[in-house]
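Protein chains: 2
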Amino acid sequence: MAALPITDLSRLCLHTITTKPWPLAVAAKNYAAAGIKGITVWRDAAQNHPDGIKAAGQVCRGEGLEIVSYVRGGFFTALDAAGRQTAIDENKRIIDEASQLGAPLIVLVCGATPGQSLFTSRAQIADGLAAILPHARACGIKLGLEPLHPMYADSRSALNTLTQALDLALALKDDHLGVTVDVFHLWWDDRLQAEIARCGLERKLFSFHICDWKNQPVDMLNDRGLMGEGVINVPEIRGWVGQAGFRGYTEVEIFSNRYWAMDQGHFLEKIIAAYRANS
Amino acid sequence: MAALPITDLSRLCLHTITTKPWPLAVAAKNYAAAGIKGITVWRDAAQNHPDGIKAAGQVCRGEGLEIVSYVRGGFFTALDAAGRQTAIDENKRIIDEASQLGAPLIVLVCGATPGQSLFTSRAQIADGLAAILPHARACGIKLGLEPLHPMYADSRSALNTLTQALDLALALKDDHLGVTVDVFHLWWDDRLQAEIARCGLERKLFSFHICDWKNQPVDMLNDRGLMGEGVINVPEIRGWVGQAGFRGYTEVEIFSNRYWAMDQGHFLEKIIAAYRANS
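Order-wise, the sequence lines are chains A and B. According to my numbering, the residues represented by the first sequence are 1 to 279, in order. According to my numbering, the residues represented by the second sequence are 1 to 279, in order.
For the record, the hints were derived by calculation from the structure and aren't laboratory data. A quick note: this is a predicted structure, and the numbers were derived from the prediction, not measured. We put the CB at the ideal spot given by N, CA and C, even for glycine. You may find that some hints are simply not true.
What the hints assert, rightly or not - Where chain B lies over chain A, by a calculated footprint (3+ residues, C-beta under 8 Å):
| no. | stretch |
| --- | --- |
| 1 | 114-120 |
| 2 | 150-159 |
| 3 | 254-260 |
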């Protein structure tokens, strides 16, 4: 079964980091003018909004945009207990910020620490999540575990497959905890289709990010491609996500020095064209 | 159970690519003088040897070195049948070269092609292997499937986990086909210990490569670290490999613009020190 065809922009969400040069108010205005309906707000964009985080949320809603998620929390791992407590405190603040912003979901990049095994880091991630989930629940904020590509296992995330993220989400038995699927991180995994289906059965698929993996990127961080520019079959994966029952937004999140250097209005046109043609 | 302690250099093998600035004869002479016993010859090093590939092998053996493997074959995938046949023909030539060199094993980087799915590429890899295995067997040359890190799934290898490589080696039911484990490519995988054990039970663990994954490498290709410089627990993985019954060489393979720019004699000392202390 193919993905539902894209006939309009009603399920398109853009991450503010994608158009990093634009301040939040400019981004929100331009997204809305282009017909986009969803916005995911990066923490720096919200924090840099001159009138504060609550006002940042009002600006988005004032443009008719739905705030899809707040990005990002996590980084629970550390070599010492004090470092891990600092991370827990910081994540509670991020939950408060999401609440002020009016975002229903925080995406978590969970952390990894050189000098300890990935198994140790994963146990610390579980402990950190257990420590913040009561606050998230009290605030009505959901948390999405985003597994990162294995090339980020050194110091960004010890969760590198959807299997690991979903298993952890299930182990903590909390309906406020689920997963975020990003095609850039997971496209290579031969278990992806089955694991997306399992996320659906378990009602744990909280959000869905797209971009493309360019053939032989020049930079491990900031050379992501527009959909259709690389090797990922985005429509196929979006089809799997739809078959898993996901009816939320398709979020475009692109880190790219090349695109950040471009006129952002022109880039926005390219994003919309790539969304229509190759997603 | 920990790895067997390293008490001498009797199981150390060096890849010629590691000291790329040295021509093969210089590398062989310096490795032997340092007490190293094994050498893995890269194809360009053998082909650049002025007296031909057979003489390249004699140079290595003349220094008292055992040739451990010939690197590398593979790249079986292509969008059209003609491209795949070209790859098969090329791999047969590589088998002939290994035979002339006197190498018992060829390491295979199996290929991936943008524009087709990884599942399609894997099927083409299986077909390519089936086409060359009779020639490998006739020449007495073993083939080691080396799964590459998922960051190379775009165009270098559709085999990205040891699970995939071992399953493929088993599916083709040929005792000349096995796997090569490289810590750089596989360290992040939570199934690694179990899969190495399975390789041992199946007698499919043909060779073992080490280096280190530096925290946040600056380059996806040529910024590998010396053992101990990064985040991989090399002794632990070497322990798993030993427990799996592997008694072959531990091969140091490092691609590094930084180290290639260094005096190679000094670098060789650092390799040996890192092998003794952190492997």
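Right, here's what the structure says about each hint:
no.	hint	result
1	114-120	holds (count 5)
2	150-159	holds (count 5)
3	254-260	violated (count 0)
Hint compliance for this structure: hint 3 alone is broken.
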